[in-house]
Amino acid sequence: LKNLRIALTKGRLEKDAVKIFEAIGLDCNELKEKSRKLIFHNEEYNIDFVLAKAPDVVTYVEHGVADIGIVGKDTLMEYGKRFYEVVDLKIGKCKFIVAAMPDVDLYSGYNHKKIATKYPNVAKSHFGKKGMDVEIIKIEGSVELAPIVGLADAIVDIMETGSTLKENGLVVLESVCDISARMIVNVASMKLKQEEIENLINKVQEFLDRA
Amino acid sequence: LGRWKRNIPEGTRDILFDDCALKSKLEKKFKDLYVNRGYMEINTPTIEFYDVFDSENMWIDQETMYKFLDQNGRIMVLRPDITTPVARIAGTKLKDSYYPLKFFYSLNVFRCNENLNAKSNETTQSGVEIIGIDNLRADVEVIVTAIKALLEAGIDDFKIELGHAQFFKGIMEETNLDSLEIEKIRNYIEDKNFGALKDFLENMELDQCTIIEICTLPRLFGDIDVIEKARRFTDNEKALIALNNIEEIYNVLDNIGLSKYFSVDLGMVHQMDYYTGVIFRAYVDGAGNNVLYGGRYDNLIENFGKTLPATGFALNLDNVTEIIKKQDKKFVDLSEDFLVYYDKSLIAEANKIAEQLRNRGYICELSLIESIEDNLRYAERRKIKNIFVLEKERESYILDVKNKVRRSWDMGGEL
Chain F
1 LKNLRIALTK GRLEKDAVKI FEAIGLDCNE LKEKSRKLIF HNEEYNIDFV LAKAPDVVTY
61 VEHGVADIGI VGKDTLMEYG KRFYEVVDLK IGKCKFIVAA MPDVDLYSGY NHKKIATKYP
121 NVAKSHFGKK GMDVEIIKIE GSVELAPIVG LADAIVDIME TGSTLKENGL VVLESVCDIS
181 ARMIVNVASM KLKQEEIENL INKVQEFLDR A
Chain A
1 LGRWKRNIPE GTRDILFDDC ALKSKLEKKF KDLYVNRGYM EINTPTIEFY DVFDSENMWI
61 DQETMYKFLD QNGRIMVLRP DITTPVARIA GTKLKDSYYP LKFFYSLNVF RCNENLNAKS
121 NETTQSGVEI IGIDNLRADV EVIVTAIKAL LEAGIDDFKI ELGHAQFFKG IMEETNLDSL
181 EIEKIRNYIE DKNFGALKDF LENMELDQCT IIEICTLPRL FGDIDVIEKA RRFTDNEKAL
241 IALNNIEEIY NVLDNIGLSK YFSVDLGMVH QMDYYTGVIF RAYVDGAGNN VLYGGRYDNL
301 IENFGKTLPA TGFALNLDNV TEIIKKQDKK FVDLSEDFLV YYDKSLIAEA NKIAEQLRNR
361 GYICELSLIE SIEDNLRYAE RRKIKNIFVL EKERESYILD VKNKVRRSWD MGGEL
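Protein chains in written order, with the working numbering: chain F, 1 to 211; chain A, 1 to 415.
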């Protein structure tokens with residue numbers, strides 16, 4: 001068996017992904033132990049796991065230092081690089097939405113609208129499709145704050161339950177698209193380690209189809 | 001002003017010594033290979049008019065080209081690829097030539113990539129083009145040359161993956177989807193996005209059979225058995241001809257003994273307006289992307305005034321150099337045999353001796369430094385094995401740099 005390296009997005013996705021891997025018979029105990037290690041080896045299947053931040057997962061896979069990545073569609077849309085997107089894992093489900101304070105009419109008038117977001121490319125392409133010129137302000141932390149303090153007219157962000165928006169008095173103006181975690185594969189690895197990777201994809205897909 | 005004078009632009013590199021020697025060595029190997037197979041070298045201008053690269057079936061995005069204006073206000077680009085200038089030459093200067101024309105080139109191309117991603121904006125492409133002939137012989141010739149180039153470089157852990165532009169085009173003709181929808185499907189197949197492809201197709205007005213057919217497409221990759229699998233699920237004439245074409249090429253490669261490098265990906269659907277026939281890419285273990293790509297492009301040259309079939313490939317010389325470096329093969333040795341250190345009054349004599357040493361096949365450098373101590377230090381840093389010491393009114397001798405041992409030397413004698 002050729003060695004496979006899987007990059008997992010740290011945090012909540014990691015836990016859900018581990019559940020899937022365990023369900024198809026991969027031992028992930030080492031991964032589950034709380035430690036500061038960033039790389040783990042599974043002897044039985046000759047698989048390495050590495051933990052990384054979401055955008056780094058995409059970078060590692062694109063460069064081929066990881067063969068496979070588990071990462072949210074939101075990150076893929078924002079960073080859109082070259083890779084194969086092979087399985088929708090149906091975990092980490094949420095939505096891209098446009099939200100604003102209740103009194104804001106974002107879609108009328110000729111004045112320049114400001115949009116705060118952690119996802120400038122997603123926001124740019126969404127409003128571009130609508131033919132709206134907007135000014136995009138990149139925010140690193142809690143985006144909900146921007147319209148409240150008057151930095152932006154609206155935000156583009158991911159929403160899970162909507163409770164953060166509600167608590168801060170924001171309303172959803174429209175939904176951009178659904179998001180969930182994906183399994184991505186490096187283009188060269190797919191060809192050079194075809195047997196191992198297809199085997200893994202099929203097992204994961206079978207598990208998902210059963211669920 | 002002067003703020004950037006100590007830096008080089010993003011995505012460019014200074015290539016020094018060992019790295020440069022390795023790159024040149026590989027470049028020469030490739031050039032020799034092409035010459036030995038009957039290709040003729042060409043050079044094209046580093047700058048071209050933007051118009052050359054601005055055609056409908058061109059696949060280089062305008063934002064990735066370096067653009068500037070000439071003194072007449074015309075838009076110029078740093079050439080982003082070589083195939084298009086070759087097509088320009090074929091369609092204009094050589095339009096009344098004999099065919100086939102077999103070109104090769106080894107030239108730098110320029111693309112502005114996104115920053116901070118370890119991607120080069122200036123790379124050397126080494127490749128061949130065969131113009132004016134559309135047959136199996138030409139397709140095989142190009143693919144075999146590509147395989148030989150990688151082998152010649154010292155890479156053997158690679159796969160040459162074959163696809164065919166007409167396979168996808170044929171299957172799409174069976175549907176009545178419009179060009180925007182086909183482009184979406186093409187993207188999903190190219191990204192092997194199985195889920196999104198299925199969802200998209202189920203929302204189209206297509207019969208179940210066609211949906212299954214298209215959904216299978218991105219999974220059709222692997223060894224030659226893929227061709228048989230593909231035959232079972234399509235009866236489109238174009239698609240079947242494409243499959244026969246790939247199979248024929250496989251059979252030839254098998255006869256030559258090269259089929260172990262071969263694999264198929266019928267989901268290879270990039271640059272569909274550009275390619276018209278067999279397409280291929282090479283993947284090497286340890287490189288995240290393809291190192292070589294090519295295929296048949298019979299519609300490009302007509303942009304320049306004459307319809308001529310063509311095929312070719314380009315490999316990224318910088319990527320190949322990186323791979324060889326990683327494989328840790330002792331490819332280049334920059335050490336020297338002799339440093340000739342001499343008293344200033346003996347400069348003519350020193351030149352003569354250096355010439356004699358070179359004639360015997362030694363790499364020999366004339367010292368530019370005054371004292372013997374400094375020469376020794378230089379020789380150690382520069383990895384020079386011996387210092388030939390030529391002093392006034394004394395017998396000359398050879399100093400072994402590593403062991404600090406003197407040897408005498410008589411002209412014409414053994415070293």
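It should be emphasised that the hints constitute simulated quantities derived from the structure, not laboratory data. Where is the CB? At the ideal position from N, CA and C, for every residue including glycine. The reader is advised that the hints may include incorrect statements.
Cut-off 30 angstroms, straight-line C-alpha distance, at most; resulting in silico cross-link-like pairs (BS3-like, lysine-lysine) [to be verified]: (1) 124/F to 119/A; (2) 113/F to 81/F; (3) 129/F to 148/A; (4) 119/A to 138/F; (5) 90/F to 113/F; (6) 402/A to 352/A; (7) 28/A to 148/A; (8) 184/A to 95/F; (9) 29/A to 129/F; (10) 114/F to 166/F; (11) 203/F to 198/A; (12) 10/F to 130/F; (13) 130/F to 198/A; (14) 198/A to 81/F; (15) 95/F to 124/F; (16) 118/F to 129/F; (17) 90/F to 402/A; (18) 118/F to 28/A; (19) 28/A to 2/F; (20) 113/F to 130/F; (21) 119/A to 29/A; (22) 184/A to 129/F; (23) 15/F to 2/F; (24) 81/F to 325/A; (25) 81/F to 169/A; (26) 325/A to 2/F; (27) 119/A to 53/F.
Which stretches of chain A does chain F cover? Using the computed rule of at least three CB atoms under 8 angstroms from a CB of chain F, they are [stated by the list, open to error]: (28) 194-204; (29) 280-290.
Stretch-level coverage of chain F by chain A, calculated; a stretch enters the list once three of its residues show a Cβ under 8 angstroms from a Cβ in chain A [claimed, not checked]: (30) 53-66; (31) 78-84; (32) 190-202.
**Given coverage of the region 78-84 of chain F by chain A, checked by CB-CB distance under 8 angstroms (3 or more)** = holds (count 3)
**Request:** Examine the region 53-66 of chain F for residues whose CB is less than 8 angstroms from any CB of chain A, and state whether their number is three or more.
**Result:** holds (count 5)
**Request:** Starting from residue 81/F, check that the Cα of residue 169/A is at most 30 angstroms away, please.
**Result:** Within the cut-off at roughly 25 angstroms; holds.
**Prompt:** Given the hint that residue 28/A pairs with residue 2/F, does the C-alpha gap stay at or below 30 angstroms?
**Reply:** violated, 34 angstroms
**Request:** Please work out if residue 114/F and residue 166/F have their alpha carbons no farther apart than 30 angstroms.
**Result:** holds, 21 angstroms
**Message:** Tell me if the straight-line CA distance from residue 119/A to residue 138/F falls inside 30 angstroms.
**Reply:** Holds - the C-alpha atoms of residue 138/F and residue 119/A are around 25 angstroms apart, at most 30 angstroms.
**Proposed proximity, residue 95/F with residue 184/A (alpha carbon, max 30 angstroms)** = holds, 22 angstroms
**Pair hint residue 402/A and residue 352/A, alpha-carbon separation not exceeding 30 angstroms** = holds, 25 angstroms
**Prompt:** Taking only the CA atoms, is the gap from residue 184/A to residue 129/F under or equal to 30 angstroms?
**Reply:** OK: residue 184/A and residue 129/F at ~15 angstroms, within 30 angstroms.
**Message:** Can you confirm whether the C-alpha distance between residue 119/A and residue 53/F stays at or below 30 angstroms?
**Reply:** holds, 21 angstroms
**Message:** For a C-alpha distance cap of 30 angstroms, please report whether residue 118/F and residue 28/A respect it.
**Reply:** Violated, because 49 angstroms separates the two Cα atoms, which is more than 30 angstroms.
**Asked** If you draw a straight line from the CA of residue 113/F to the CA of residue 81/F, is it 30 angstroms or shorter?
**Response** holds, 29 angstroms
When held up to the earlier numbered hints, the structure conflicts with 3, 5, 9, 12, 17, 18 and 19 and fits the remainder.
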